[in-house]
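Please model the complete structure; the sequences and the hints are all you need to start from.
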Amino acid sequence: MAQGKLRVVHYLNQFFGQIGGEEKANTPPEARAGAVGPGMGLKAALGADAEIVGTVICGDTYFAEHLAEATRTVLELIKQFQPDVVIAGPAFNAGRYGTACGAVCQAVVKELKVPAVTAMFPENPGVDIYKKDVYILPTADSAAGMREALPKLAAFALKLARGEAIGTPEEEGYIPRGIRKNFFAEKSGAARAVDMLVAKLQGKPFTTELPMPIFDRVPPNPPVKDMAHATIALVTSGGIVPKGNPDHIESSSASKFGKYSLKGLDDLTPETHQTAHGGYDPTYANADPDRVLPLDVMRDLEREGRIGKLFDYHYATVGNGTSVANASRYGAAIAKELKEAGVDAVILTST
Amino acid sequence: MHVCTVVPISLTVGANRIVPAVAIPHPLGNPELPKEEEKALRRRLVEKALRALETPVEGQTVFEN
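Residue numbers (the numbering used here), protein chains in the order written: chain A, 1 to 351; chain B, 1001 to 1065.
Taking lysine-lysine and the DSSO-like style, the derived pairs with C-alpha atoms no more than 30 Å apart in a straight line are: (1) K204(A) x K181(A); (2) K243(A) x K263(A); (3) K1035(B) x K263(A); (4) K243(A) x K1039(B); (5) K256(A) x K131(A); (6) K1035(B) x K243(A); (7) K263(A) x K1039(B); (8) K132(A) x K152(A); (9) K309(A) x K1035(B); (10) K1048(B) x K339(A); (11) K225(A) x K1048(B); (12) K225(A) x K1039(B); (13) K259(A) x K1035(B); (14) K309(A) x K1048(B); (15) K336(A) x K1048(B).
So the derived list for chain B, only partly shown, Cβ under 10 Å to chain A, looks like this: (16) H1002; (17) S1010; (18) R1017; (19) P1025; (20) G1029; (21) K1039; (22) A1052; (23) E1054; (24) E1058.
Just a sample of chain B residues kept apart from chain A, beta carbon distances all over 10 Å, derived: (25) P1008; (26) P1034; (27) E1037; (28) V1062; (29) F1063; (30) E1064.
It should be emphasised that the hints constitute simulated quantities derived from the structure, not laboratory data.
Ideal Cβ placement from N, Cα and C applies to all residues, glycine included.
See the structure below:
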């Protein structure tokens, strides 16, 4: 290869690496000289200044099942080629592949101190896991987007290899990494906020400086048809836990949720329960935890036959500075357990 | 279904059946009321929550009454 060309190493899965489909997904990491598969298109897009010196391929299942070992092996294979930049994917909407691309890029940057970039569909699970550490360019959800993705990947990789400064996500087109950079603004925050408000009132476009997380939407569940025979569960983000907070659920940014038995309990009292929540005045909840988790009333309604049964356990976490990603995870885990337990409906109480 | 005081948050996070509650530190109670009245208030809220669960909804619905 010509002297002075930038050295690019490409990471692919077994499918794009032309080893095979799902039946070959257990293939351990291997290296090839030069470009393979989509590497051909990448090579063309990179132009004369750079060369794909090698391609490292690993089966998606192998990578997912041997994360630490596969990452280490892939890293060693990549290192042999002495790259100036590493490109992984594009992975489109393939979850295992996207996760592998993210893991490879993260390790390359951290361990080899070599810049790396990957590309995938914004909803690929690899994005959420690795966007903080890795430059990820958005692509279409299938390989139909290959032609569009490769020139962007090539251009971005060239910038990285040349050590050029990378601008903001808006300027460069990568998925925002949530990095904050300090800079001196011309106007104070108050003036900028008023400018935004005026623009909003006038129906003009403006760019927020504090984007809100994106929440998903779910279709409503059908109504409970036979409440007198339904099992209802209580769940709370208000932090009602047994006295002493046995699971040590944090008063803010909770890292977990708890599951607690309500068997034999008719009423929550300061002797039995408390709140673990640090985001509101706990006086009232501690004096009578039913004010947050209405056990007393649920027992009455159960005895009267208004509901079939109150589920034997309640779930609790602290919704105080808890990240949306964590909260969604707790919600999904709790819902799964409740469904498996045959619970028909849930009353979620929040403070 | 979601019993909560700050309904706009519930709407933002995507709850489909929402019953507005009393106050942030005591969503299903009011410490200023005598004990029996407070429990009656809590019962009305829970009954409203059960009715919400029995009601078909097309999208996000706030059960005010």
